[in-house]
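**Q** Residue numbers (full-length UniProt numbering), protein chains in the order written: chain A, 1 to 123; chain B, 1 to 278.
Simulated from the structure, these hints should not be mistaken for laboratory data. Don't take each hint at face value.
What the hints assert, rightly or not - One side of the interface only, derived from the structure: several residues of chain B facing chain A at Cβ under 10 Å:
| # | residue |
| --- | --- |
| 1 | Tyr66 |
| 2 | Tyr70 |
| 3 | Phe106 |
| 4 | Ala220 |
Every value quoted in this text rests on a predicted model; they were computed, and no experiment measured them. All residues carry an ideal CB built from backbone N, CA and C; glycine is no exception.
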Amino acid sequence: MASQTDFRDRQFLAVIGDEDSVTGLLLAGIGHVTPPPDNQKNFLVVDNKTDTAAIEAAFERYTTERKDIGIVLINQHIADKIRHRVDTYTQAFPTVLEIPSKDHPYDPEKDSVLRRVRRLFGE
Amino acid sequence: MSSQPPPPDVDADPNPTETISRLLQHYLALLDEYTALRSTLNTLQTRVFQSLARANFAAERGVRRYGQDYYDERMQASRRVGISFSSTAEGGEWEEEDGVGGGPVFTFRVCPASGPKAGPSSGGDKDDREETGSEGGRGPTSIDDAKDLSGSEETKLESTEDDGRGNETKKQPLLPDDLPADDADHKQSSSSSSRKKAADPLRWFGILTPLPLRQAQGHAIQAVEDVIPRLATLSVEMGLVELEVRRARKRRAKAEKAEERKKLAELENWMDKVDVGA
Chain A
1 MASQTDFRDR QFLAVIGDED SVTGLLLAGI GHVTPPPDNQ KNFLVVDNKT DTAAIEAAFE
61 RYTTERKDIG IVLINQHIAD KIRHRVDTYT QAFPTVLEIP SKDHPYDPEK DSVLRRVRRL
121 FGE
Chain B
1 MSSQPPPPDV DADPNPTETI SRLLQHYLAL LDEYTALRST LNTLQTRVFQ SLARANFAAE
61 RGVRRYGQDY YDERMQASRR VGISFSSTAE GGEWEEEDGV GGGPVFTFRV CPASGPKAGP
121 SSGGDKDDRE ETGSEGGRGP TSIDDAKDLS GSEETKLEST EDDGRGNETK KQPLLPDDLP
181 ADDADHKQSS SSSSRKKAAD PLRWFGILTP LPLRQAQGHA IQAVEDVIPR LATLSVEMGL
241 VELEVRRARK RRAKAEKAEE RKKLAELENW MDKVDVGA
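Please take these sequences and the hints and turn them into a complete structure.
**A** Right under this line is the structure:
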């Protein structure tokens, strides 16, 4: 069980997604860049040229290193690239949610929460 | 939501099978809500993408695409997460919170950053939060805080600007407690609202932004404020119920083994008695 100090400072949403997904969410006002010299962003725009290693590093940074992230949003097709990491992530904070993207509609079969449901019911 | 059965207390229940059934019933109610919210999120995301596509299609000359080229490299979050914790009561009864029956242990909430700065800073942006303290240094850490913040902030938005949500904005009733205490607070709120206007992400894309872009912002705000926090809450709560179910199943397996051993011992005793009698 997470202690109160674990979640009290978690005040940002982070997003790993394609350009349109990130733009939409940043329009809602969740984008945050820490002041220099860190200049850490809470979002990563992924395109065809982005390495899987970079996605994995961002996921690691948002879920493990940074203690001010409360919810991590990741496009489902990008989560598929690091599926082993997403499915083995079990911490309550930050919570990881898979969201649909423009070119890849949401597939319940791949959703990590619904995979947990299937595991619970022995499938 | 309010029809969800309260999760049972595993320790006190003498019938583990019934306990597991009740936990699973609660779990399925959560799953149902999760699935419904997923559908809502899909719809909202689709609308955001459609609006962005329309904005890009109708973009003026010189605007390549409403995307990362226009992001402000010094952006500050104007909507932040607040996580509140409600501990389980004695005897395993879960506290009801915010009118949600059988309330979750952890509740996520996303609301406009507002209110005085408080609380420790864990990241490297402490100075940054102090800098933005007048319009919001941190997210709310409790449900009451969140209510106050969202209530007062939405009042400001209503009086100053249309933030793009249009008619879809859920206006919360303004309580007397949410009103500023004096004129100084009024001045502060007006200055903070003008700052907020400047910090509006729409401004990254120019002064006269197209209507579809504002519509995209409205849908995104609805998703971020209403759907995503509840999905996160459900994900955490479902995880906790999964743990409870697994524990209950283990206890049931142990109890069944103990029962078998007991029966076996009784049978052996009976066999010994029969042997002695013979």
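**Q** Would you check whether Tyr70(B) satisfies its interface hint, that is, whether its CB is within less than 10 Å of any CB in chain A?
**A** With a minimum Cβ separation of about 9 Å from chain A (threshold 10 Å), the hint on Tyr70(B) holds.
**Q** Interface hint check: Tyr66(B), Cβ to nearest Cβ on chain A, cutoff 10 Å. Holds or violated?
**A** holds, 6 Å
**Q** Closer than 10 Å between Cβ atoms is the bar; does Phe106(B) clear it against chain A? Give me holds or violated.
**A** holds, 7 Å
**Q** Double-check Ala220(B) for me: the hint is only fine if its C-beta lies closer than 10 Å to a C-beta in chain A.
**A** With a minimum Cβ separation of about 4 Å from chain A (threshold 10 Å), the hint on Ala220(B) holds.
Violation of the numbered hints given earlier is absent; every hint is satisfied by the structure.
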